[in-house]
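The listed protein sequences derive, respectively, from chains X and V.
For the first sequence, position 420 matches number 420 in the numbering used here, and the numbering has no gaps at all.
For the second sequence, position 193 matches number 193 in the numbering used here, and the numbering has no gaps at all.
There's no promise every hint is true.
Claimed, not checked - Some but not every residue of chain V turned toward chain X, in silico, with C-beta under 7 Å: (1) 23; (2) 32; (3) 39; (4) 44; (5) 46; (6) 47; (7) 49; (8) 51; (9) 117; (10) 119; (11) 125; (12) 127; (13) 131.
For the record, the hints were derived by calculation from the structure and aren't laboratory data.
We put the CB at the ideal spot given by N, CA and C, even for glycine.
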Amino acid sequence: MLIGGVEALLIRAQLARPNQTLLTPEQYSQLFTMHGVTMIFLYALPVLSGFSNYLWPLLLGSRDMAFPRLNALSYWVFLFAGLFLYCSFPLGKAPDGGWFNYVPYASLAYNPGPNIDVYALGMVLLGISTTVGSINFIVTLARTRAPGMSINRVPVLVWGTVTASAGNLLAVPAVSLAFLMLFMDRQAGTHFFDSVAGGQPLLWQHLFWMFGHPWVYAIVLPAMGIVSDALPVFCRRPLVGYTAVALSTVSTMVLGFGVWVHHMFASGLPVLSLSFFSAASFVIVIPSAVAVFAWIATIWTGRPVFTAAFLFFAGFVLLFVIGGVSGFMTAAVPLDWQLTRTYFVIAHLHYVLIGINVFPVLGGILYWFPKVTGRLMNEALAKWSFWIMFSGFNVAFFPMHILGILGMPRRIYTYSDHLGWSTANLVISIGAYFFALGLLLFLVNVFRSYRHGALAGVNPWGAASLEWSTSSPPPPYNFAVIPIVASRYPLWEDMMDEGPERSSVGTGMLLDQGRETIGTTALDAEPAVILRMPGDSYLPFLLSLALTAIFVSALLHSPWGVGITALCTFIASVWWLWPQKALGQMPTLKTQEQHD
Amino acid sequence: MIESIVPNHALPVGSKGHLASGWWGMLALIFTEGALFAYLFFSYFYLALHSISQWPPSGPPHLGIAIPGTVILLLASVAVWWGERGITRGHPRRMIVGLVLAILLGLVFLGMQGVEWHGEPFKLNSGVYSSLYFTITGIHMIHVIVGLLMMAVLLLWTALGYFSGGRHAAASIGAIYWHFVTFIWLIVFSVIYLVPRLG
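Please take these sequences and the hints and turn them into a complete structure.
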C-alpha cells in the first residue's frame, strides 16, 4: 500500500501544474497502472483478508482457521504474485494498460513489450491465492465456530468476509480466464479478442467487469463489517438491525453480480440492456442505504464515546454517503455518458475505495491494536491523524468531481494551462500530500505505541465479542477452553440482561491432546467432530515457490520450464497431502472433558 | 440451558468421511471450477452469437469419437464410485480394482481426445472457433489429467494400506472430484458437439 501511495504522489506531483515534464508518458502509464493494480489487487483485499485471518478464529471462538496450511499457501502465493508484478518495474516493463487493461490496447499488435504478459500471468497467480484464501474462509465459517454460535450470532465482519469469499469464488475465474485468453491471444496465436478474425474485444470488457464489480464489493463488504462490529462498541449499544445489515451484506453481493455492464455504458451496447443494468445499479442503493441507516441509528440512539476509532468509523459513514451518491449519479446512463473517462469517475472510485476501505481499516487497526500487541495506541496522535487525513482526503478528491464535470479526462499525463484546470489540480495535489502526512502520523503512532503504548488488558473497550475474552495478545492457541456461546453479544449478556442464558468462556470443552479444535455443524453450530490441526510446515512455501516458477517459465516462453515446474508442483502437493497417522482418526473415540 | 449444546456422547476425532474439512474444501473448489467453466461457455456462446459467418466454420464436429469417449468417462466414474463404496465398507481391494479400471478408462479417453485433436482440419490459431474448441476441450483435458494424477496417488496410498473402512476421507474427496470432471464433460459434450446440430 505504501508503494501504491508513493506512486499516487508521483502522479499528483506531475499533475500539480500544467505542462509538466516530471515523468515521460510511458512512465506515467506504468505508474497509473501499477497504482491501480497495487491498491486494488495487492492492498485492498489482502489487507481485509489479513484482518479476517487473524480475527476470525478469535471472533468465532476457535483455535485456528479450518486449513492453517492453506492459509500459509495463500499468503506465500500472494507475496510471490506481488513480487512477480513488481520485479518488472525496475526494468521498465511494468503493466501499462490501465488496471482494467482493455483490448485492443493490450493486444500484441499495439503493446508488443512483455508489460502486459507480466500483468496477465501475475493476475492468474494472484487469483490462485485469492481462491485458496476464500475457500479457507468459507469452510472455516461452516466448520469451526464455537458451540452455540449459530449462524444468526456471528459477528458482521464474518458475514462480510464470507460474502466476499463466496463472491470471489464465483468471480475470480472470470478474470483468470480473461487473462489466460489474453495471454494466449498474445503468445499462442488465438483470436478471442481479435475482431479481424471474428473475435470480440467487448468479450474482454464483459469478463473483466463480471469479475470487477463483485470484486469491488469483496473489498468493501468486510470493511463495512469492521464498522458494523466496532462502531456499536463505541456507541455502547448493540448494532441496530443486525439481521437487516447481515442480509443487506449478502444481497449487495448478489446484486453485484448483475450490474457489471454499468462499467460499459459507453461501449455501444443496445439501449435495452443499458436500461436493465442501470436499473439494477439503482437497486443496489437499497441494501447500502439499509446499512447506512443502521449505522446512523446506532450512533443516534447510543451514547457515543468519541475515541479516534469512532472518528474513523463516523468519517467512513460520511464518505460512504458521498461516494454512494456519485455512484448513483453515474448509474444513470445519460449522466454516465457525460462523465465516464473523466475525473468524476476517479473522484467516485476514490471516495468509495478510500472512504469505505482505508478509513474502516485504520479504525479497525486502532480498535484491534491492543488485542494484537497488548498495548493501546496514542489517542491524541490518532485524532490528529484522523483530522489531517479526513480534511486532506476531501481537499484532494472533492475537486475531482468538479474537474470531471469540467471535462478533464482521466489518464492524461499532462494538460495545457488555458483549460481552466490548473487551480483545481494544484489544490488536489496539495490535498493528496496532506492526506499522506496524516497517514504517516498514523504509522508513527503504530510504531511508537508498539513499544511504548499503555498496557491494554483483556478488554480495554468493554466490547462484546469473543476475542476480548482472551488475553492481549492472545496465546497461539487463542482459547485454552473452547467457549460456548448463548447470544450475539457474549460479553454483554449481564449488562443487557435479555434472558437467563449466559455464554460460558471459562468453562467448556478442553481438548488437551495437542493441536485440536472443535468442528461444528454449519447452521446451528452443534459440536460434530474434533478436528486435529496440522503443525508448522515448510510445504506451503515450497508449493508456492513451484507455482510461481511455472508462471515465470511461461513468461520466458519456456515449455520445458513449465513442464518441470509443474512436476515440482505435483510433487510438493503429494508430499503435502501425504496421509499422516497423527492427523487421522484415532481408533478409539475420545470422551468429553469438562473443565472449570 | 447452555450446557445442552455440549453433547453427552463422545465425538469422533479427525478427518472422518464427510465431516472432514477437506471434503468441504473440495466442494468449494468444485464450486469455483464450475464457475470457470461457466465463463468458458459464456465466452463460447457470446462469440458464437456475434459470429457473422457459419458457426462452426467447418460444420458441427463429428460424433464418431466423442460419443464413445463420453461412454468411457461415464464408465470410469462408475468404477470410481464402486471402488469408493468398497472402501467405505472396508474392502481396500475393491478400491484398488476400481481405481485401476478408472485410470485405464481415463487414459483411453485422453488418447481418443488426442486422436480427435490430431484429425481436426483446423489448428489453434486458425480462427476464433478453433481457439475456443481447443481451449475448452484442452482445459477439460487438464482436469482429466489432474483427476488421473489424484487417482494414481490414491491408488498408491490404498496399496500402502493407508485407508480402511473407518478412514477414507481422501478417497471420497478424490472420487467427488472425478465425478465433477465427468459431469463437466457432459456439458462440454452438449455445448461443443450437440448444440451446433440443433440449428
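Structure-based check of all given hints:
Against a cut-off of 7 Å between C-beta atoms, the interface hint on residue 23 of chain V is violated, since the closest Cβ of chain X lies about 9 Å away. At about 4 Å, the closest approach between the beta carbon of residue 32 of chain V and any beta carbon in chain X falls short of 7 Å, and the interface hint on this residue holds. The interface hint given for residue 39 of chain V is met, as the beta carbon of that residue sits about 5 Å from the closest beta carbon of chain X, less than 7 Å. Taken as an interface hint, residue 44 of chain V does not check out: its beta carbon lies about 10 Å from the nearest beta carbon of chain X, beyond 7 Å.
Interface hint at residue 46 of chain V: satisfied, since its Cβ lies 6 Å from the closest Cβ of chain X, which is below the 7 Å cut-off. Among the interface hints, the one on residue 47 of chain V holds; its C-beta lies about 6 Å from the nearest C-beta in chain X, closer than the 7 Å criterion. Checking residue 49 of chain V against chain X: minimum C-beta separation of about 10 Å lies over 7 Å; hint violated. Restraint check, residue 51 of chain V versus chain X: the minimum CB separation of about 6 Å is within 7 Å; hint holds.
With a least beta-carbon distance of about 15 Å to chain X, the hint placing residue 117 of chain V at the interface is violated under the 7 Å criterion. Taking 7 Å as the C-beta cut-off, the interface hint given for residue 119 of chain V is violated, the closest approach to chain X being about 20 Å. Annotation: interface hint on residue 125 of chain V holds; nearest CB of chain X at approximately 3 Å, less than 7 Å. With a cut of 7 Å, the hint placing residue 127 of chain V at the interface with chain X holds, because the nearest CB-to-CB distance is about 5 Å.
Contact between residue 131 of chain V and chain X, as hinted, is supported at the beta carbon level, the nearest pair being about 4 Å apart and thus within 7 Å.
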